[in-house]
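Chains P and S, in that order, are what the protein sequence lines are.
Reminder that position 86 of the first sequence reads as 86 in our numbering, one-by-one numbering, no gaps.
Reminder that position 91 of the second sequence reads as 91 in our numbering, one-by-one numbering, no gaps.
No lab work stands behind these hints: they were computed from the structure.
Certain hints may be false.
[To be verified] No more than 20 Å apart at the CA atoms, straight line, and that leaves these computed lysine to aspartate or glutamate pairs for EDC-like:
1. Lys-294/P with Glu-44/S
2. Lys-228/P with Glu-32/S
3. Lys-230/P with Asp-54/S
4. Lys-225/P with Glu-50/S
5. Lys-228/P with Glu-44/S
6. Lys-294/P with Asp-15/S
7. Lys-228/P with Asp-54/S
8. Lys-34/S with Asp-108/S
9. Lys-34/S with Asp-18/S
10. Lys-230/P with Glu-50/S
11. Lys-343/P with Asp-66/S
12. Lys-34/S with Glu-436/P
13. Lys-291/P with Glu-50/S
14. Lys-291/P with Glu-44/S
15. Lys-90/S with Asp-15/S
16. Lys-343/P with Asp-15/S
17. Lys-230/P with Glu-44/S
18. Lys-60/S with Glu-32/S
Residue-level listing of the chains:
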Amino acid sequence: MKIFIISGLLVLISGVRTWAGDEAPTVLTNKEAIALVQTHADYVWTLVAAALVFFMQAGFAMVEAGFTRAKNAINIMMKNLMDFSMGSLAFFAVGFGLMFGVSKTGWFGTSGFFLSDFSPGGDPWVLAFWMFQVVFAATAATIVSGAMAERTKFVGYLLYSVCISALIYPVFGSWAWGSLYKGSGWLEGLGFIDFAGSTVVHSVGGWAALAGTIVLGPRLGKYTKDGKVKPILGHNMPLAALGVFILWLGWFGFNPGSTTAANKDIAMIFVNTNLAAAAGAVLAMFTSWTKFGKPEVGMSLNGGLAGLVAITSPCATVTPASAIVIGAAAGVIVVLSVLFFEKIRVDDPVGAISVHGVCGAWGTLAAGVFNIGGTSAKIIGVQLLGIGACFLWVFPMAFLLFKAIDITVGLRVSAEEELEGLDVVEHGGSAYPDFEVSHAGGMGAFGGNGLSNTEIAAEKMLRKPVEQT
Amino acid sequence: MNKIEAIIKPFKLDDVKDALNNIGVNGMTINEVKGFGRQRGHKEMYRGAEYQIDFVPKIKIDVVVDSSQVNQVVETISRSANTGKIGDGKIFVLPVAEAIRIRTGERDENAI
């Protein structure tokens with residue numbers, strides 16, 4: 001039996017050898033074959049990672065749905081679906097070229113629109129690279145939908161979504177990442193470290209979210225006349241938690257995938273990503289426990305995300321021990337930041353500004369401070385420059401964009417529409433048809449802090465928060 | 001005929017139902033309601049912001065019985081729903097003008 005198998009294998013192998021090419025292998029053809037296998041592996045890893053990052057869209061959808069009210073759940077789904085779908089098309093048409101096209105000035109690209117770098121039969125690497133980059137662009141875009149949830153006009157949101165994927169995100173991206181393909185950015189030329197995009201993706205999304213929430217104003221019923229916070233409860237904490245777990249999983253594509261190459265570097269990036277998330281969740285839990293007397297689920301979940309966002313920039317250039325410190329700090333920062341923005345009347349239902357904007361900035365700074373090769377004033381200076389440049393580009397652009405949308409088609413729904421719920425008003429349906437989800441006054445199950453009709457009318461006229469009893 | 005409305009703690013429903021069945025009351029309607037009397041609610045917390053829950057979940061039981069049974073029914077409900085703690089609930093007795101069985105058209109005493 002053994003002899004049968006061995007001779008069978010020998011026949012097979014010699015048969016394969018004679019089939020696999022006319023000549024016998026040489027050193028040169030072996031070298032080419034090995035390089036080809038590596039190239040194939042690069043493709044596979046990059047595209048698998050792209051699929052993981054795509055799945056983060058589901059994560060965002062679940063987090064946002066869980067932290068908001070049931071009467072707006074369809075609207076959340078639509079915004080997330082469109083962020084990715086319209087974003088894909090916009091990034092195909094315009095964004096990719098601006099971000100990775102040939103860049104004479106170092107400020108934006110001017111080639112590669114409509115994926116013109118690819119022609120059938122040509123090198124398909126640009127397709128794999130585009131696929132990986134489009135899911136990153138979509139991540140930045142969808143960050144904003146959570147902060148602007150429950151009171152944004154759908155049409156207004158769509159207009160914003162196209163603009164961030166087509167213009168705002170790619171232009172900044174070209175400064176930091178252009179040379180990954182055909183471009184070159186002034187920021188990366190100075191040595192800016194942002195391996196997977198704490199600033200390029202997350203802070204861009206975070207600052208756009210800040211602009212959007214400021215232009216929109218807080219949700220009805222969120223604040224009393226004297227500025228006290230009245231919590232608007234999310235309708236499904238298990239969904240929110242599921243979303244965080246999905247995002248955590250997707251981040252294993254986001255960070256290690258940014259090598260766009262199948263090599264051993266991905267191991268440390270994986271470990272750093274996980275440790276930072278874990279430290280973030282634990283420290284956020286302890287921070288909430290200390291401040292509020294009980295470990296709070298919303299803050300703990302945000303803590304995990306904060307750790308992930310923070311490690312995104314330094315993930316390839318810090319030690320695992322540093323990753324824990326970076327994530328832990330993010331866990332504390334995010335809790336304080338959420339409370340801060342609530343206090344200054346910036347109503348962010350999911351904490352997107354704090355998780356992505358603030359912790360994105362922290363992670364970018366940390367990349368300089370904890371740099372594995374050592375830090376210096378220059379390194380930290382360039383990191384700060386990048387953080388500042390991002391804010392100075394994104395926030396004003398997004399603010400003007402939202403203002404323009406507000407003046408033309410309108411950015412915020414009316415008070416009655418907001419109280420009724422966006423699902424029925426904007427989409428003609430209900431996410432949970434078996435349940436009564438629209439409560440007068442828009443506060444979740446218990447508490448009964450409804451607005452009377454007079455107050456609704458007053459709110460509408462004055463566009464100011466009405467006193468809650 | 002009288003309608004007896006009893007507002008009780010939700011976990012006491014099975015005890016009350018069984019006790020009523022034992023004295024021959026085999027029909028009832030229940031509602032899930034919220035309310036408060038002397039039992040105030042409690043404080044909860046969401047993302048660091050505190051809020052007061054004033055309304056406490058309760059179950060409302062409606063039974064319609066012949067006037068002669070009212071005292072027995074009230075006593076039965078009282079006994080089976082009692083825990084001795086604040087929030088046990090209340091019982092109200094109301095008059096009923098007419099009762100009709102939909103399937104057969106029977107009226108009043110034949111309908112309950």
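Right, here's what the structure says about each hint:
{"no.": "1", "hint": "Lys-294/P with Glu-44/S", "in the structure": "holds, 10 Å"}
{"no.": "2", "hint": "Lys-228/P with Glu-32/S", "in the structure": "violated, 32 Å"}
{"no.": "3", "hint": "Lys-230/P with Asp-54/S", "in the structure": "holds, 14 Å"}
{"no.": "4", "hint": "Lys-225/P with Glu-50/S", "in the structure": "holds, 17 Å"}
{"no.": "5", "hint": "Lys-228/P with Glu-44/S", "in the structure": "holds, 16 Å"}
{"no.": "6", "hint": "Lys-294/P with Asp-15/S", "in the structure": "violated, 34 Å"}
{"no.": "7", "hint": "Lys-228/P with Asp-54/S", "in the structure": "holds, 18 Å"}
{"no.": "8", "hint": "Lys-34/S with Asp-108/S", "in the structure": "violated, 31 Å"}
{"no.": "9", "hint": "Lys-34/S with Asp-18/S", "in the structure": "violated, 23 Å"}
{"no.": "10", "hint": "Lys-230/P with Glu-50/S", "in the structure": "holds, 8 Å"}
{"no.": "11", "hint": "Lys-343/P with Asp-66/S", "in the structure": "violated, 60 Å"}
{"no.": "12", "hint": "Lys-34/S with Glu-436/P", "in the structure": "holds, 16 Å"}
{"no.": "13", "hint": "Lys-291/P with Glu-50/S", "in the structure": "holds, 12 Å"}
{"no.": "14", "hint": "Lys-291/P with Glu-44/S", "in the structure": "holds, 14 Å"}
{"no.": "15", "hint": "Lys-90/S with Asp-15/S", "in the structure": "holds, 16 Å"}
{"no.": "16", "hint": "Lys-343/P with Asp-15/S", "in the structure": "violated, 48 Å"}
{"no.": "17", "hint": "Lys-230/P with Glu-44/S", "in the structure": "holds, 12 Å"}
{"no.": "18", "hint": "Lys-60/S with Glu-32/S", "in the structure": "holds, 6 Å"}
Of the numbered hints given earlier, the model fails hints 2, 6, 8, 9, 11, 16; all others are met.
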